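Chemist: What follows is the residue order along each chain.
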Amino acid sequence: MNGFIERQNKYVVYVLAALALAILPLLLQAAGNFWVRIADIALLYVLLALGLNIVVGYAGLLDLGYVAFFAIGAYMYALMASPHLSDTFQWFQQTFPNGLHTSIWLVVPLGAALAGFFGILLGAPTLKLRGDYLAIVTLGFGEIIRVFLNNLDHPVNITNGPKGMGQIDSIRIFGLNLGKRLDIGDYSINAVTFYYYLFLILVVLSVVICHRLELSRIGRAWMAIREDEIAAKAMGINTRNMKLLAFGMGATFGGVSGAMFAAFQGFVSPESFSLNESVMIVAMVVLGGIGHLPGVILGAVLLASLPEVLRWVSGYFDLQAMTGGRLDASILRQMLIALAMIVVMLMRPRGLWPTPEHGKSLRQNGGK
Amino acid sequence: MDILLQQLINGLVLGSMYALVALGYTMVYGIINLINFAHGEVLMVGALTSWAIIVGMQEAMPGMPGWLMLVVSLVISCVVASALNFAIEKIAYRPLRNSPKLAPLITAIGMSILLQTLAMIIFKPNYKPYPTLLPPAPILIGGAVITSTQIMILGLTAVSLAVLMYLVNYTKLGRAMRATAENPRVAALMGVKPDTVISATFVIGAVLATIAGVMYASNYGSVQHTMGFLPGLKAFTAAVFGGIGNLAGAVVGGILLGLIESFGSGYIGALTGGVLGSHYSDIFAFIVLIIILTLRPSGLLGERVADRA
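Chains as they are written, first to last, in this note's numbering: chain A, 1 to 368; chain B, 369 to 677.
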């Protein structure tokens with residue numbers, strides 16, 4: 001009986017949460033597109049954090065180059081949906097006179113596959129490494145990708161170098177262009193709001209996938225590797241394949257969010273994929289509660305939206321004038337994020353919303 | 369031939385700076401198993417402090433000889449950076465000594481961003497010219513050019529290394545450090561105070577980083593609040609390259625990395641027929657790192673760390 005009521009309560013909470021999330025952008029939209037944009041960005045980061053959580057949270061592989069997969073997804077979409085290739089290469093223009101305006105149904109699986117492939121490529125040589133060694137190698141991998149994006153405008157212009165690529169198509173689904181405002185009678189839905197719903201669908205899908213993964217044999221195997229690799233191996237888990245799978249799956253999420261990011265911004269440049277971004281995503285996962293889905297989502301939403309809200313606050317009070325030009329919005333943001341990282345970790349080293357199960361396998365477990 | 373010699377000199381100069389910073393990383397890692405991401409920022413704070421002192425002295429006492437200014441500023445900024453690193457360890461790392469492994473890593477990253485923003489607020493974000501204090505006239509050796517600043521860098525590195533090796537191998541503190549790195553609990557039973565040793569390690573690391581920072585500033589002639597980031601990253605790579613936790617490894621790794629970078633960026637253009645230019649120099653470090661770690665997961669001189677994750 002008790003369980004029944006609890007289960008019913010759970011559904012009520014779910015329905016309410018779904019309703020709130022569905023209405024949210026419409027309310028924000030009334031306050032201005034700026035606020036919806038913040039929500040969009042936050043959702044994108046949730047997607048990224050969920051992906052990294054598979055690698056770091058479940059499998060325990062510290063990846064500091066995660067942003068590389070984000071970049072791969074974004075650049076792939078940018079190449080396939082912008083006039084850059086036709087502008088640069090004669091032969092390309094002859095083959096596709098109107099440019100490659102690739103459909104999202106092709107781009108998303110392709111982005112996921114390409115990023116996943118790179119994930120495995122990164123994973124393969126690092127299988128023997130663990131802990132901090134792995135961290136530094138992945139960090140190096142991220143930097144290598146960034147340096148290449150920054151320099152591949154010469155001698156053959158592929159990425160357009162530091163200038164970045166613009167004029168990227170927005171996403172069209174079933175004839176609906178998400179980049180344009182839609183008017184229904186008097187009421188209009190803005191482009192950012194469409195993207196909100198798209199990202200929300202992706203996030204919900206990812207949460208379901210992650211949740212199922214966590215409960216599956218694969219998820220159990222990852223956690224076993226995280227807690228004690230030798231023991232996991234002894235129990236017959238193929239640690240090599242499982243680690244590669246974790247890298248690949250995590251990277252897939254990064255690739256998809258990268259494609260979404262490119263479509264949403266309409267512009268990509270190497271600047272968006274610096275080491276700082278990687279670090280920020282790791283911070284989201286760890287700050288929220290590593291390996292715990294609600295915690296990871298909380299961490300991502302907090303760290304992604306906090307800076308934007310602070311930007312607004314510091315613009316409102318005109319900090320620059322108050323401090324003689326020394327303190328402006330971006331500096332304040334960075335400082336507060338850094339402080340938040342330090343303070344949260346000192347107060348709650350397991351994260352804001354830690355998983356009740358983390359490390360359980362190491363303790364005595366009576367089976368109940 | 370002269371190009372070869374020139375790249376060798378440049379590589380050694382670059383490498384000795386990496387080596388000094390790498391020592392700080394490796395000592396901290398050897399004792400508390402933490403990648404101290406804020407270490408590059410200690411270098412930056414040291415360099416900026418010494419810049420401020422030198423600029424102040426040039427105004428107050430214009431007649432003072434350059435080398436004396438350099439020495440005075442170096443000493444003061446070493447003290448400042450040591451105090452800072454001591455405080456960082458106490459505030460951000462010590463309370464997390466027994467927490468999950470990623471927690472101190474995140475506070476270290478937070479500390480690094482915090483120091484950068486504070487430096488930006490205090491010193492403004494622009495590049496500041498670092499005065500040339502030693503005679504700028506280049507010295508010719510067999511067709512290659514070496515400046516007195518570069519000679520100073522090489523000399524200072526040699527002296528610092530000698531002092532450090534003496535400290536670690538022949539003093540009581542050094543023995544305590546080695547004991548704590550081996551096993552903090554047993555060391556504590558033998559009368560070593562691990563907390564004191566760790567604080568001392570951070571102070572020594574800060575001194576080495578400051579020396580490297582001042583060298584870096586005098587060699588490149590400018591300082592800025594982001595200057596610690598890349599040397600920090602490269603130095604950490606060097607530490608891992610040599611086998612993290614191993615002092616000699618850090619030195620070897622740092623110098624090798626400097627040489628690889630210098631030769632790499634010097635010859636890559638010619639080797640690839642101009643397809644890849646010297647702006648790829650930053651990735652040599654990482655490519656070498658990946659290759660080395662694939663072949664020898666514990667670094668060049670590292671012991672096999674059995675299975676500490």
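Simulated from the structure, these hints should not be mistaken for lab results. Keep in mind that this is a model prediction, so the values were computed, not measured. Glycine included, every Cβ here is placed at the ideal spot set by N, Cα and C. Worth double-checking, as some hints may not be accurate.
Said to hold, decoys possible - Taking lysine-lysine and the DSBU-like style, the derived pairs with C-alpha atoms no more than 30 Å apart in a straight line are: (1) B/LYS458 with A/LYS128; (2) A/LYS233 with B/LYS469; (3) B/LYS540 with B/LYS561; (4) B/LYS469 with B/LYS458; (5) B/LYS492 with A/LYS163.
Stated by the list, open to error - Pair by pair, the computed Cβ-Cβ distance ranges are: (6) A/LYS128 with B/LYS469: 13 to 23 Å; (7) A/SER188 with B/PRO493: 34 to 44 Å; (8) A/GLY236 with B/ASP563: 51 to 61 Å; (9) A/ALA234 with B/SER467: 49 to 59 Å.
Chemist: Given a hint of 34 to 44 Å, does the C-beta separation of A/SER188 and B/PRO493 actually sit inside it?
Modeler: Once the Cβ atoms are compared, 41 Å apart, the range 34 to 44 Å for B/PRO493 and A/SER188 holds.
Chemist: Taking 51 to 61 Å as the stated bounds, is the beta-carbon spacing between A/GLY236 and B/ASP563 within them?
Modeler: Hint violated: Cβ distance 43 Å, outside 51 to 61 Å.
Chemist: Would you mind confirming whether the straight-line C-alpha gap from B/LYS469 to B/LYS458 stays at or under 30 Å?
Modeler: holds (17 Å)
Chemist: Hint says 13 to 23 Å; check whether the CB-CB distance for A/LYS128 and B/LYS469 agrees.
Modeler: For A/LYS128 and B/LYS469 the Cβ distance comes to about 19 Å; the hint holds.
Chemist: Could one say that the CB atoms of A/ALA234 and B/SER467 fall in the range 49 to 59 Å?
Modeler: Distance hint for A/ALA234, B/SER467 is violated at roughly 28 Å.
Chemist: Is A/LYS233 close enough to B/LYS469, meaning Cα to Cα at most 30 Å?
Modeler: With a Cα-Cα distance of about 22 Å, the restraint between A/LYS233 and B/LYS469 holds, given a limit of 30 Å.
Chemist: Does B/LYS458 pair with A/LYS128 here, judged by a C-alpha cut-off of 30 Å?
Modeler: violated (34 Å)
Chemist: Would the pair B/LYS492 and A/LYS163 pass a check requiring their Cα atoms to be no farther apart than 30 Å?
Modeler: holds (26 Å)
Chemist: Given the proposed pairing of B/LYS540 with B/LYS561, does the C-alpha separation stay at or below 30 Å?
Modeler: holds (12 Å)
Hint compliance for this structure: hints 1, 8 and 9 are broken, all remaining hints hold.
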